[in-house]
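Chemist: Here is what each chain is made of, one letter per residue.
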Amino acid sequence: MNNTEVQEKKSIPNFKIDLVNKRHQNGSLIPLLQTAQDSYGYIPEKIIYYISELVGIPAAEIYGVITFYSQFRLKPLGKNLIRICEGTACHVNGAKSILTALQDELGITVGETTDDGIFSLQSVACLGCCSLAPVVMINDATHGNLTMDKIKKILKKYKTEEKIRIAS
Amino acid sequence: MKKIKVGLGTCGISAGGELVFNKLKEEIKTKNLGIEVNETGCMGMCYEEALVEVVDDNDSFLYSNVTVDKVGRIVNEHLINNKPVIEWIIKSNEVSKEDDFLKNQKRIVLRNCGVIDPTSIDEYIEHNGYKALEKVLKNFSQQEVIDMIIKSGLRGRGGAGFTTGMKWKFANQEKSEKKYIVCNADEGDPGAFMDRSVLEGDPHSVLEGMMIAAYAIGSDEAYIYCRAEYPLAIKRLRTAIKQCESRGYLGKNILGSNFNFTIKIKEGAGAFVCGEETALMASVEGKRGVPRLRPPFPANKGLWGKPTNINNVETFANVPWIINNGWEKYSSLGTEKSKGTKVFALAGKIKRSGLAEVPMGMTINEIVFDLGGGIKNDKKFKAVQMGGPSGGCIPASMGDLKIDYDEIVRTGAIMGSGGLIVLDETTCMVDLARYFLNFTQNESCGKCTFCRVGTKRMLEILERITIGKGKENDVDILQDLASKITKNSLCGLGQSAPNPVLTTIKYFREEYEAHIRDKKCPAHNCSALIEYTIDEVNCKGCGLCIKACSSNAITGSKKAVHYINQELCIKCGRCFDVCNLDAVIKN
Numbered sequence: 124m125n126n127t128e129v130q131e132k133k134s135i136p137n138f139k140i141d142l143v144n145k146r147h148q149n150g151s152l153i154p155l156l157q158t159a160q161d162s163y164g165y166i167p168e169k170i171i172y173y174i175s176e177l178v179g180i181p182a183a184e185i186y187g188v189i190t191f192y193s194q195f196r197l198k199p200l201g202k203n204l205i206r207i208c209e210g211t212a213c214h215v216n217g218a219k220s221i222l223t224a225l226q227d228e229l230g231i232t233v234g235e236t237t238d239d240g241i242f243s244l245q246s247v248a249c250l251g252c253c254s255l256a257p258v259v260m261i262n263d264a265t266h267g268n269l270t271m272d273k274i275k276k277i278l279k280k281y282k283t284e285e286k287i288r289i290a291s
Numbered sequence: 144m145k146k147i148k149v150g151l152g153t154c155g156i157s158a159g160g161e162l163v164f165n166k167l168k169e170e171i172k173t174k175n176l177g178i179e180v181n182e183t184g185c186m187g188m189c190y191e192e193a194l195v196e197v198v199d200d201n202d203s204f205l206y207s208n209v210t211v212d213k214v215g216r217i218v219n220e221h222l223i224n225n226k227p228v229i230e231w232i233i234k235s236n237e238v239s240k241e242d243d244f245l246k247n248q249k250r251i252v253l254r255n256c257g258v259i260d261p262t263s264i265d266e267y268i269e270h271n272g273y274k275a276l277e278k279v280l281k282n283f284s285q286q287e288v289i290d291m292i293i294k295s296g297l298r299g300r301g302g303a304g305f306t307t308g309m310k311w312k313f314a315n316q317e318k319s320e321k322k323y324i325v326c327n328a329d330e331g332d333p334g335a336f337m338d339r340s341v342l343e344g345d346p347h348s349v350l351e352g353m354m355i356a357a358y359a360i361g362s363d364e365a366y367i368y369c370r371a372e373y374p375l376a377i378k379r380l381r382t383a384i385k386q387c388e389s390r391g392y393l394g395k396n397i398l399g400s401n402f403n404f405t406i407k408i409k410e411g412a413g414a415f416v417c418g419e420e421t422a423l424m425a426s427v428e429g430k431r432g433v434p435r436l437r438p439p440f441p442a443n444k445g446l447w448g449k450p451t452n453i454n455n456v457e458t459f460a461n462v463p464w465i466i467n468n469g470w471e472k473y474s475s476l477g478t479e480k481s482k483g484t485k486v487f488a489l490a491g492k493i494k495r496s497g498l499a500e501v502p503m504g505m506t507i508n509e510i511v512f513d514l515g516g517g518i519k520n521d522k523k524f525k526a527v528q529m530g531g532p533s534g535g536c537i538p539a540s541m542g543d544l545k546i547d548y549d550e551i552v553r554t555g556a557i558m559g560s561g562g563l564i565v566l567d568e569t570t571c572m573v574d575l576a577r578y579f580l581n582f583t584q585n586e587s588c589g590k591c592t593f594c595r596v597g598t599k600r601m602l603e604i605l606e607r608i609t610i611g612k613g614k615e616n617d618v619d620i621l622q623d624l625a626s627k628i629t630k631n632s633l634c635g636l637g638q639s640a641p642n643p644v645l646t647t648i649k650y651f652r653e654e655y656e657a658h659i660r661d662k663k664c665p666a667h668n669c670s671a672l673i674e675y676t677i678d679e680v681n682c683k684g685c686g687l688c689i690k691a692c693s694s695n696a697i698t699g700s701k702k703a704v705h706y707i708n709q710e711l712c713i714k715c716g717r718c719f720d721v722c723n724l725d726a727v728i729k730n
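Chains as they are written, first to last, in our numbering: chain A, 124 to 291; chain B, 144 to 730.
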């Protein structure tokens with residue numbers, strides 16, 4: 124059984140209770156999708172049909188909402204989510220070269236996940252910590268005042284940690 | 144009795160504030176000092192984070208740039224031996240290193256940010272919290288409240304600057320069983336973070352403002368539409384709402400009156416256009432966030448077809464202050480048509496980046512130089528970008544311009560939500576225009592053809608200009624497209640999307656021409672138009688650039704002049720950054 128399946132089994136009961144509770148609230152579709160994504164890490168196709176039946180909104184319309192908002196994903200993410208800030212302050216302070224370094228090191232572009240499933244790379248409009256520009260957020264940690272060398276070192280740290288984890 | 148406050152807004156946390164907070168608590172516990180450590184919101188001095196304030200009976204000492212390693216000394220010397228570590232302190236009775244940043248400010252919206260613990264309703268109440276609500280419920284009719292807000296001159300802080308009291312009046316005049324209040328906390332402009340700081344640092348002031356608005360228009364239900372990218376703000380709001388419910392500030396018969404009110408939070412799902420009020424309402428209703436034609440305005444037909452009043456976070460946070468201190472005091476601040484204060488998020492190439500609240504009418508130069516300390520690395524001040532993707536660039540030559548809604552509009556930019564990005568000589572204005580167009584192009588919802596396709600065409604032209612493939616009449620085509628997009632888009636996003644391009648053409652046309660005709664980027668920023676070479680006289684053959692080059696484009700043996708192979712060079716600029724001898728030249 125792979126990781127996503129384990130996750131699905133674990134969280135389904137909670138998720139369904141939440142869905143049933145929320146379905147009658149006004150404008151419940153987006154909160155339902157957010158709950159689904161919190162439980163699975165993404166929105167699996169079968170959940171679209173499940174929600175569709177529950178709230179009586181056609182699956183096509185739900186799909187339309189999912190693809191409209193940048194928060195929703197139809198595919199699972201890698202283990203570590205790297206979000207590069209593309210805010211104005213970061214842009215004028217050299218975010219582009221940080222992105223180049225990230226893409227070179229990971230071999231993926233924005234919106235992709237590495238083949239080993241360890242890193243996903245996304246861009247965000249602004250993380251709001253402009254005084255630390257340029258900024259990259261890895262999972263919940265913010266890394267600021269970056270240079271190309273600094274971001275490479277940070278990535279190395281995550282890679283080493285991953286190797287240690289696999290070895291043990 | 145000492146007390147400690149640690150700035151734990153997003154800026155503080157990202158600068159390591161949480162680690163400092165935990166370390167302080169741990170040290171105080173193991174050493175059994177019994178000193179209280181609390182969190183507080185953003186103090187505005189993001190450039191000095193992490194900030195720790197030690198308060199005792201007579202003085203308060205503000206430590207800046209605190210790291211975990213510094214905690215030990217602060218605990219031992221200051222907390223135990225009562226000897227403050229003077230060299231790390233930026234503000235106390237005796238030290239006033241950052242006075243320039245603070246003394247020019249007038250803090251109304253940010254009155255409690257960095258002062259109180261945002262998770263404590265008691266601290267908010269101690270600082271005049273919910274007094275305004277009490278006053279309104281006991282002493283004033285709906286009409287009187289609306290009159291006060293109209294007379295205060297408060298205008299919407301979300302960007303467009305419509306008179307807040309008038310908005311309330313229209314919603315009040317509608318006859319309906321059900322009316323809604325909506326707080327727009329979908330702060331989407333890149334480079335703007337004032338709403339986030341208020342929500343994180345003083346959530347109760349926003350809730351109190353909403354309650355007063357609800358009373359004035361006759362609403363009993365509200366939504367706060369907050370960006371999902373602001374998890375901490377959402378958490379603090381949830382806590383604050385729960386506290387209000389248990390204290391009777393929310394619910395039925397509030398403070399013994401017949402006023403009933405509930406507030407719910409709706410998390411956004413990542414769409415810039417949802418900052419537009421009609422798109423925001425569609426999103427609250429669970430649909431794609433697509434704007435619609437106005438009229439009908441939300442005050443007539445809003446959320447689920449009911450009269451709705453939408454205001455921005457900063458607008459609501461002003462309201463309790465106006466009620467407590469009187470509209471006369473508020474309207475005595477500012478300029479003739481823009482009253483009160485405005486919070487600006489200073490960022491970019493400025494020395495002190497952070498949040499500053501100043502009276503309307505302060506000049507750009509005063510903000511950039513007196514408050515902000517001038518340009519980083521003492522480079523030349525080139526322009527400020529105001530209003531984010533809907534705004535524009537105002538050149539340094541107009542630095543004496545007084546900032547208020549109408550003056551800013553006259554330049555072609557807009558006040559917007561208050562993001563103020565400072566640009567220096569190394570910023571390419573064409574590239575900046577391309578950057579913003581790329582943003583609006585991505586965020587266009589696609590409903591209006593001119594916004595959907597027109598921004599794409601503009602972006603393509605800007606892209607080709609920045610790589611040296613611009614055509615002679617490109618600037619004319621850009622202006623033509625811009626006027627068509629402005630005229631033929633339904634909502635503010637499309638109508639204002641060309642602003643960054645138009646203002647940069649207006650004030651920096653020669654930069655466009657240099658890119659198009661001479662294939663040169665005067666700011667040395669556009670990588671396709673620059674070339675790195677090595678100066679034979681200055682190069683001592685140290686090898687630093689060879690090591691730094693990721694594409695193996697630099698060759699040369701030790702102590703001999705190095706050489707950059709232009710075909711391999713990816714123009715990342717690392718050789719330029721690492722060279723200590725000014726031997727790498729950017730052309």
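Certain hints may be false.
If you want the footprint, here are the derived chain B segments under chain A, 3+ residues with CB under 8 Å [claimed, not checked]:
1) 304 to 315
2) 342 to 349
3) 418 to 429
4) 473 to 487
Straight-line distance between alpha carbons at most 20 Å, and here's what the computed PhoX-like set of lysine-lysine pairs gives [to be verified]:
5) K275(A) with K729(B)
6) K276(A) with K690(B)
7) K701(B) with K219(A)
8) K279(A) with K690(B)
9) K275(A) with K202(A)
10) K273(A) with K690(B)
Just a sample of chain B residues kept apart from chain A, beta carbon distances all over 12 Å, derived [stated by the list, open to error]:
11) D199
12) K519
13) L544
14) I564
15) A625
16) D661
Bear in mind the hints are in silico, worked out from the structure with no lab data behind them. All C-beta atoms in this analysis are idealised placements derived from N, C-alpha and C, irrespective of residue type, glycine included.
Chemist: Does each hint hold? Answer for all of them.
Modeler: Here is how each hint holds up against the structure:
As drawn, the stretch 304 to 315 of chain B meets chain A at 0 residues by the rule of a beta-carbon pair under 8 Å; below three, the given contact is violated. Only residues whose C-beta sits within less than 8 Å of a C-beta in chain A count toward coverage, and the stretch 342 to 349 of chain B has 0 of them, not enough to reach three; the restraint is violated. Given a C-beta distance limit of less than 8 Å, the hint that chain A covers the stretch 418 to 429 of chain B holds, as 4 residues qualify and 3 suffice. Interface restraint, the stretch 473 to 487 of chain B with chain A: violated (0 residues with C-beta to C-beta distance below 8 Å; minimum three).
For the proposed pair K275(A) and K729(B), the alpha carbon gap of about 24 Å is over 20 Å, so the pair is violated. Between K276(A) and K690(B), the direct Cα distance comes to roughly 15 Å. Compliance with the 20 Å bound is thereby established for this hinted pair. For a cut-off of 20 Å, the pair hint linking K701(B) to K219(A) is broken: about 31 Å separates their Cα positions. The straight-line distance between the Cα atoms of K279(A) and K690(B) is roughly 18 Å, inside the 20 Å bound, and the hint therefore holds.
The suggested pairing of K275(A) with K202(A) holds, with an alpha-carbon distance near 18 Å, which does not exceed 20 Å. With a C-alpha separation of about 15 Å, the suggested pair K273(A) and K690(B) falls inside the 20 Å cut-off, and the hint holds. For D199(B), the requirement that its beta carbon stay farther than 12 Å from each beta carbon of chain A is met, with the minimum near 29 Å. The non-interface label for K519(B) is inconsistent with chain A: the shortest C-beta to C-beta separation is roughly 9 Å, within 12 Å.
Distance check for L544(B) against chain A: the nearest CB is about 20 Å away, which clears 12 Å, and the non-interface claim stands. A cut-off of 12 Å between C-beta atoms contradicts the statement that I564(B) is not in contact with chain A; the least separation is 5 Å. Against the 12 Å criterion, A625(B) stays outside the reach of chain A, whose nearest CB is about 20 Å from its own CB. Taking the minimum C-beta to C-beta distance to chain A, about 23 Å, the non-interface status of D661(B) holds against the 12 Å cut.
Violated hints, in rising order: 1, 2, 4, 5, 7, 12 and 14; the structure is consistent with all others.
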